[in-house]
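Protein chains in written order, with our numbering: chain A, 1 to 319; chain B, 1 to 428.
Calculated directly from the structure, the hints in this document are not laboratory data. Glycine residues also receive a C-beta, built at the ideal position from the N, C-alpha and C atoms. Warning: the hint list may mix true and false statements.
What the hints assert, rightly or not - Some chain A residues judged to face chain B by a derived CB distance under 10 Å, without partners named:
id : residue
1  : Tyr36
2  : Phe133
3  : Leu135
4  : Arg136
5  : Gly141
6  : Glu143
7  : Asn144
8  : Gly145
9  : Gln147
10 : Gly148
11 : Leu238
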Amino acid sequence: MSEASAAPAAELAPRSHRAPLAILVALVLVAPWVVYPVFVMKALCFALFACAFNLLLGYAGLLSFGHALFFGAASYATAHAALEWGWRPELCLVFGAAVAAVLGLATGLVAIRRQGIYFAMITLALAQMFFFFSLRAEFTGGENGIQGVPRGMMFGFLDLSRTYVMYYVVAAIFLLGFAILHRTVHSPFGQVLTAIRENEPRAISLGYKVNQYKLIAFVLSAGLAGLAGGTKALVFQLASLTDVHWNTSGEVILMTLIGGLGTIFGPIAGAVFMAALENYLAQLGSWVTVTEGAIFVFCVIAFRRGMFGELSRLLKRPL
Amino acid sequence: MLRSALAVLAALAASPAAHADFTGKTIKIGVLNDQSGLYADLAGPGSVLAAKMAVEEMGGKIGDTPIEVVFADHQNKPDIGSNIVRQWIDVDGVDVIVDVPTSSVALAVSAVVKEKNKVFLASGPGSSDLTGKACSPNTVHWTYDTYALAHTTGQAEVAAGGKSWFFLTADYAFGQALERDTTAVVKAAGGEVLGGVKHPLNTTDFSSFLLQAQSSKAQVIGLANAGGDTINSIKAASEFGIVKGGQKLAGLLVFVTDIHALGLQTAQGLLLSESFYWDRDAKTRAWSKKWSEKMGGKKPSMVQAGVYASVLHYLKALKALKSDADGKAVVDEMKKLHTDDTLFGKGVIRADGRKIHPMYLYEVKKPADSKGEWDLYKLVKEIPGDQAFRPEKEGNCSLIAGSTPAPAAAPAAPAAAPAAKPDAGSAK
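Construct the entire structure; sequences and hints are all you get.
Right under this line is the structure:
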């Protein structure tokens, strides 16, 4: 992952992103009129989740194997706030993201003391702890999940129970989250993260407080993953154990890798691809997992940089 | 560069958003259940076949509109189930959702179906909340429910002298409802519940749970679980010598497929209740034989029978109504028409969506008494529908409490279940 393409010309990046950004926005706006809107909403939630995850893995070089923790915790928090406390959806989403960020802070404080496989194992362990907590806790509803979450009226006037209103709210959330990540990656902060990824001792010797950077990145990533999870809970009016299961953590890694690690657009493509696979191959039952595995193997062998990684190499510009 | 993304999106767009309705091309029946997991034997592909048999019986079409059956696997997960249903209705034009064992999924499906105003014929799920606090004008709950199980098997166990209980409960909507409803029966009869332990859905190792049950010293260990979980817990209990030790197992929901899997040696003497048993009379035998021929000699469970009967009744209602556009209207029509089929006999669907028919209390035969692989039950008694099922007024169903115009005068006698004073539906 060290030869990923973001490094060479950081200044150039935003300009070369103009066209793809425009295409992205256009696609997001048009998609629901062509494809089944609920599916696109699901894809967008996962895309935001994957982008948030990519900030850690792709730019800071931290492989978190427990990101479902933040995704799922926020989806429970959002659903609970909407159903039990009757909060307005925007507050529920903020609450969900905040819960995820706080959990991210706690997890980050423990995990970033270690590197590589140890970091991954700590995050996995904490996520599994949370999974069993969710299974047994009263408010999560165990196997039932939190059902019948009301979508409500966003800001008091946007009726989210209407599919297209919901869609454009999801689209706005996604674009907002993406904008935050895009800005972060191309800020001096993002450059330091990349420096840490490339050579941590050197970054330390240059005087950067590496752990602080990592922690901030971790919290940011957790918060945005939470935003994605909360949005998903509102879309499907359901928060369930699937969201906190380690499968979800694995899936987001797969999405990021297939799309292109360390590319800003890659995870989106990866998420859409994986969501489509799951949706349209659902009849195959357990074969979906086999197919995903085969595709993963194929990607690792044939195009290791992922869809956008390879594309960016062909076009000779960072994406 | 976005070509790949575009290609993907274009591929996705291929599925057209056709909204079939009666005047449209087909009537689509979606059978949603567990196709490969712990409930696959009692529902699964057998339910799909049952639905197809009902369609066949109606001649495969109503008027000129052909009827089509599709199916999917919800993997016992509410999120997967409700996604499939949403997509079936929005994209594929499915008009009616059938079966859906696993109450947690069924409750989620019921909510989606209500929102989309289609029809949900629940055969597999048990939770009495489907016609109680979560009732819906679009749902018909056909085969059985946790209240009925509690008032048949549970009551019989209490009557047989089981005064102190310990529950082994599957930790999701169904198990929780069954424990709640049975607890009400036990307490109403002056018994006591010493405790209980909840296990996750689809558990293989029951040893730690059974040790707790054993040390509770309760006379009866109530198994508030189903399918593969029940099989595993009964097997493990037999290994632990729990029955030999003087405690009694009460399988609160046991299907004929479970008994077949357990074998008579292990299961003999177990009391259980079903609303359908293949060997009850000539008609059920004839239907089961037809079903069995296509299922490699297996016999249908009550869930599969319920799928057949509910689909048949649905199609009759469509025939009378000549439209399937308004799901609520179809269900109202189903409530208005009295039900009559070869498997459940004559019956009614109450305003709250509860189908009323007799329940039968069976005892599992001794190996010596069994005349064949599937000759498993001995009838103990028949419990009339008005005693087996919860009185309409006690369910806290919003369709009853409000002054909604009840389409069908429910003939279920209000006197109803004698021992059931405490309202099972309102307890959390």
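| task | Please verify that hint: Leu135 of chain A, Cβ, nearest Cβ of chain B, below 10 Å or not. | result | holds (7 Å)
| Regarding the hint that Glu143 of chain A lies at the interface with chain B, is the smallest CB-CB distance below 10 Å? | Holds: closest Cβ of chain B sits about 4 Å from Glu143 of chain A, inside 10 Å.
| field | Status of the hint placing Tyr36 of chain A at chain B (closest C-beta pair under 10 Å) | value | Check passed: Cβ of Tyr36 of chain A comes within 5 Å of chain B, closer than 10 Å.
| Is the shortest C-beta separation between Arg136 of chain A and chain B less than 10 Å? | holds (8 Å)
| When the least beta-carbon distance from Gln147 of chain A to chain B is tested against 10 Å, hint result | holds (5 Å)
| said: Given a cut of 10 Å on the nearest C-beta pair, is the interface hint for Phe133 of chain A held or broken against chain B? | reply: violated (13 Å)
| request: Have a go at the Gly141 of chain A hint: is there a Cβ in chain B nearer than 10 Å to its own Cβ? | output: holds (8 Å)
| query | Was the hint right that Asn144 of chain A lines chain B, CB cutoff 10 Å? | reply | OK, holds: Asn144 of chain A within 10 Å of chain B, min 4 Å.
| message | Using the nearest Cβ pair, does Leu238 of chain A come within less than 10 Å of chain B? | response | With a closest approach of 5 Å, the Leu238 of chain A hint holds.
| message | Can you verify the interface hint for Gly145 of chain A: is its Cβ closer than 10 Å to any Cβ in chain B? | response | Holds, about 5 Å.
| Hey, does the Gly148 of chain A contact hint survive, CB to chain B under 10 Å? | Interface hint status for Gly148 of chain A: holds (5 Å vs cutoff 10 Å).
Comparing the model with each numbered hint stated earlier shows that hint 2 is the single one that does not hold.
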